[in-house]
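K.L.:
What follows is each chain in one-letter form.
2 protein chains.
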Amino acid sequence: MNSREISELLHAHENVYILTHILPDGDAIGSALAWGTALRHHGKKVRIFCPGVVPRKYAFLPGVVAIENQFPANLPLGLVFVLDCGDLERLDYMKERVQSGLTIVNIDHHATNNYFGDYNIVDKSAAATGEMIYQLIQENNLLLSKEISLCLYVAIASDTGSFKYANTTPRVLKIASLLLENGVDPSLVSQKIFDEYPLSTVFLLRDTLNTLQLDQSLRIAWMSLHEDLLESYGAKEEELEGFVNYGKNINGVEVGIFFYHTRNGETKVGFRSKAVVDVGAVAASFGGGGHPRAAGCTIGGWENNVAMDKVIQAVREALLETETLNPEKCDLRR
Amino acid sequence: MNSREISELLHAHENVYILTHILPDGDAIGSALAWGTALRHHGKKVRIFCPGVVPRKYAFLPGVVAIENQFPANLPLGLVFVLDCGDLERLDYMKERVQSGLTIVNIDHHATNNYFGDYNIVDKSAAATGEMIYQLIQENNLLLSKEISLCLYVAIASDTGSFKYANTTPRVLKIASLLLENGVDPSLVSQKIFDEYPLSTVFLLRDTLNTLQLDQSLRIAWMSLHEDLLESYGAKEEELEGFVNYGKNINGVEVGIFFYHTRNGETKVGFRSKAVVDVGAVAASFGGGGHPRAAGCTIGGWENNVAMDKVIQAVREALLETETLNPEKCDLRR
Numbered sequence: 031m032n033s034r035e036i037s038e039l040l041h042a043h044e045n046v047y048i049l050t051h052i053l054p055d056g057d058a059i060g061s062a063l064a065w066g067t068a069l070r071h072h073g074k075k076v077r078i079f080c081p082g083v084v085p086r087k088y089a090f091l092p093g094v095v096a097i098e099n100q101f102p103a104n105l106p107l108g109l110v111f112v113l114d115c116g117d118l119e120r121l122d123y124m125k126e127r128v129q130s131g132l133t134i135v136n137i138d139h140h141a142t143n144n145y146f147g148d149y150n151i152v153d154k155s156a157a158a159t160g161e162m163i164y165q166l167i168q169e170n171n172l173l174l175s176k177e178i179s180l181c182l183y184v185a186i187a188s189d190t191g192s193f194k195y196a197n198t199t200p201r202v203l204k205i206a207s208l209l210l211e212n213g214v215d216p217s218l219v220s221q222k223i224f225d226e227y228p229l230s231t232v233f234l235l236r237d238t239l240n241t242l243q244l245d246q247s248l249r250i251a252w253m254s255l256h257e258d259l260l261e262s263y264g265a266k267e268e269e270l271e272g273f274v275n276y277g278k279n280i281n282g283v284e285v286g287i288f289f290y291h292t293r294n295g296e297t298k299v300g301f302r303s304k305a306v307v308d309v310g311a312v313a314a315s316f317g318g319g320g321h322p323r324a325a326g327c328t329i330g331g332w333e334n335n336v337a338m339d340k341v342i343q344a345v346r347e348a349l350l351e352t353e354t355l356n357p358e359k360c361d362l363r364r
Numbered sequence: 031m032n033s034r035e036i037s038e039l040l041h042a043h044e045n046v047y048i049l050t051h052i053l054p055d056g057d058a059i060g061s062a063l064a065w066g067t068a069l070r071h072h073g074k075k076v077r078i079f080c081p082g083v084v085p086r087k088y089a090f091l092p093g094v095v096a097i098e099n100q101f102p103a104n105l106p107l108g109l110v111f112v113l114d115c116g117d118l119e120r121l122d123y124m125k126e127r128v129q130s131g132l133t134i135v136n137i138d139h140h141a142t143n144n145y146f147g148d149y150n151i152v153d154k155s156a157a158a159t160g161e162m163i164y165q166l167i168q169e170n171n172l173l174l175s176k177e178i179s180l181c182l183y184v185a186i187a188s189d190t191g192s193f194k195y196a197n198t199t200p201r202v203l204k205i206a207s208l209l210l211e212n213g214v215d216p217s218l219v220s221q222k223i224f225d226e227y228p229l230s231t232v233f234l235l236r237d238t239l240n241t242l243q244l245d246q247s248l249r250i251a252w253m254s255l256h257e258d259l260l261e262s263y264g265a266k267e268e269e270l271e272g273f274v275n276y277g278k279n280i281n282g283v284e285v286g287i288f289f290y291h292t293r294n295g296e297t298k299v300g301f302r303s304k305a306v307v308d309v310g311a312v313a314a315s316f317g318g319g320g321h322p323r324a325a326g327c328t329i330g331g332w333e334n335n336v337a338m339d340k341v342i343q344a345v346r347e348a349l350l351e352t353e354t355l356n357p358e359k360c361d362l363r364r
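Chain order of the listed sequences is A and B. End of the first sequence = 364 in our numbering, gap-free, step of one. End of the second sequence = 364 in our numbering, gap-free, step of one.
Just chain A, same shape as in the assembly (with noise of 0.2 angstroms):
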C-alpha cells in the first residue's frame, strides 16, 4: 500500500486504535506512542492497546501511561493499526476483538508476517517497526515532533541493541542520526532502556555465573537458574534476558546455554552460537525453534539435570559435525 492510500484510509476514519505485542518491547512501545502521536497530531481520536504490562523502563516515554491493556467491545468503529506483530496471536487476548467488522493495516518488519491485515505495509529490511514509522510519518508529511523523534530512537535502538546488530544498515543509522538533530539525547534513552535494572536482577545475575560450567573443549558454556529463586527475590522472568550471552561472549566458546527451570518441572533452554553451530536446528530437535545464531526450546519429562544433560549432549554432536564439515573455520581461539 502507498501512501495515497494510507492517506485516504485515515481521511475516511476519525477514530484510529493503534495496537502492539504481548511482552512488549522497546520497538513495540515506541512506535506505537510515535504513530498515535503523529497521528493525533493529524487530528484523529487515538487510543493505543497493548495486551501486556509495560515495562517501567520505557515509564520515561511521553504518553506512555494512556496505554491501555484492555480492548472495549463497544468502541466505535475505527481503523486498526497493528505494529510489530508477524501474525495476530501476538495479540494475545485482544486478537478476537480486533478481528470483528474492524479495518486492520499491519505495519511490521518480522520475516515471518503473515500478511494478517486487509492492508499490509510488509518491510522485511527494516531494522525494526519504528524505521517503518519513521518513513510513514516523513511520506504523509505528518509532523516529526521531539517527542515522536524520542519514541522513534527508542524503537530503533532496541531493535538493532544500540547498533550493535546485523540489522543496522546505513538506512538505520541515518534515521537515528536525523532523530538526534530533532533534540533526542541517546544518553538518556541508553540509560534507561539498556543501563538500569532492577536490584534483583543483579542478584539474578550474581547466582547464574555462579552455575557457569564449559565443556572440556571450552567450546560450551551453560548456566542455569531455578524460578524458585526468581521468586524469592520477587523478580519477573523477563530480567533474564540475556544472561545467555554471558556464556556464549567468553573466547573460544561457540556455544551459550541457558537453563531456566520452572516450577512446574519443565525446563526452558535459551541458545546463543558465535558463528558456527545451528542453534536454531539444535532447539528444534527439541520441539522449539529460532534463528541459527539464537534460539530456545522447553523441555518437560525429564529430571533438571537430565534434561540439561540431554540438551548439552546434543550441542556437542552439533559442534563435532561442524567442525568435520569445516574443519578450518572452528579455531575461534586463535
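Certain hints may be false.
Put simply, identical chains are the same to the list, so a pair is met inside one copy or across any two.
[As the list claims (entries may be wrong)] Subject to a maximum C-alpha distance of 30 angstroms in a straight line, what follows is the list of computed DSSO-like cross-link-like pairs (lysine-lysine):
1. K176 / K304
2. K125 / K87
3. K87 / K75
4. K266 / K125
5. K298 / K340
No lab work stands behind these hints, which were simulated from the structure alone.
Keeping the supplied structure of chain A fixed, place chain B upon it in accordance with the hints.
P.N.:
This is chain B only, laid out in the frame that chain A set:
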C-alpha cells in the same frame, strides 16, 4: 591548521610516523591504522608506534600486526602524527625520542588537550579522534577504502560505547552510516570489541558480584576485588573495566563504587554516578580526579576495610549534601 597546510606538510615529507597512547583503546588503534593506511595509499612510507601492547580484541583489524612498540633512535627524518593524546605524557617511554627534532602534528579530541604539537588539529566537539581522521581523509581527497572504514568504525563505536554515550552526535551517526555503506559489518565489530572476553573475565565478574553491597538507603552500591584473585586466574587489570557499572545501573542507586585492593596494600577506587552526585569531587578529596559522573582515586596507608569505610562515608555525605540542595531531583527510584 587547514587542509592546504596538511597537504603541504605531507608533500614535504616522504616518511610518516604515527604514534598513539599507552593502554591503547579502539579509538587510538583504529585512528592510527586508518590514517596510516590512507597515507600509505597516498604514497608515503608509514610506520605506526604505540608504547604498549595492543589488546587482543583488536587483532582482527587489518595492519594491526605492523604496529611497533619501540620507537628507534635512528629513524630517517619524517613527519610525526600523534593521535588521540591530550599531552605528550600519553606517549610514555616514546615521548623523549618523538621530541628530538621531528615535526609533530597533534590530532586529538580531548577537552584537556594542551596543544603540544608544532601543528595542532584539536576538535573538542568530536566524539572520537576517528571522527577527525574521517574528516581529514575527506578534506584531503584520500581514498576511504573498506579497510580504512572498518578501522574508523571501530574508533567511533569504541569511543561512543556503541552510540550510547553523551558524545554521540548527529554527525557521528551520519559518519557511521557512510562507513557502513563502505562495507563495514557492524555486528562483527560489536562482537569483537564489546562482546568477547576471556573466561577469566566472567570468573572475576562472578566473584565481584558476590561482594555486592548496598547502604541502607539503597542509593550507594559497592563491590570489591583483591589482586590475588586476578593473579589466580592469570587475568589482566583491564578486564575489570566496566564492573563498577553493575552497581551504578541498579534502579534507585545513585553512586556505584568499585574497590580494587592491590598486593602492595593500596586500594584503587572507581566511582560512577547517575545524575546528582559529583564523584569527581569525592575522588579529588582522596587525591584522585575525574568527571562528575566518572572518577577514580588510589588510597594507601589504611587497611582495606578502613579505606572502603572512609570512601563510602564520603560518598554518603556527598549524597546527603546533594539531597539537601536539590530535594526534588533526588528521588531516582520513581
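K.L.:
Please sort K298 with K340 into within, between, both or neither, judging by C-alpha distance up to 30 angstroms.
P.N.:
within (13 angstroms within a copy, 45 angstroms between copies)
K.L.:
At most 30 angstroms between alpha carbons: which applies to K87 and K75, within, between, both or neither?
P.N.:
Only inside one copy: K87 and K75 sit 27 angstroms apart there, 53 angstroms across copies, limit 30 angstroms.
K.L.:
Since the copies are identical, ignore which copy is meant and state whether K176 and K304 lie within 30 angstroms (CA to CA) inside a copy, between copies, both or neither.
P.N.:
So K176 and K304 pass the 30 angstroms test across copies only (24 angstroms; inside, 38 angstroms).
K.L.:
Evaluate K266 and K125 at a C-alpha cut-off of 30 angstroms and name the case that applies: within, between, both or neither.
P.N.:
Result: close within a single copy only, 25 angstroms intra versus 54 angstroms inter.
K.L.:
I want to check one pair: K125 and K87. Are their C-alpha atoms no more than 30 angstroms apart within a copy, between two copies, both, or neither?
P.N.:
Within. Shortest intra-copy distance 26 angstroms satisfies the 30 angstroms Cα cut-off; inter-copy 48 angstroms does not.
The structure fails none of the hints (numbered hints given earlier).
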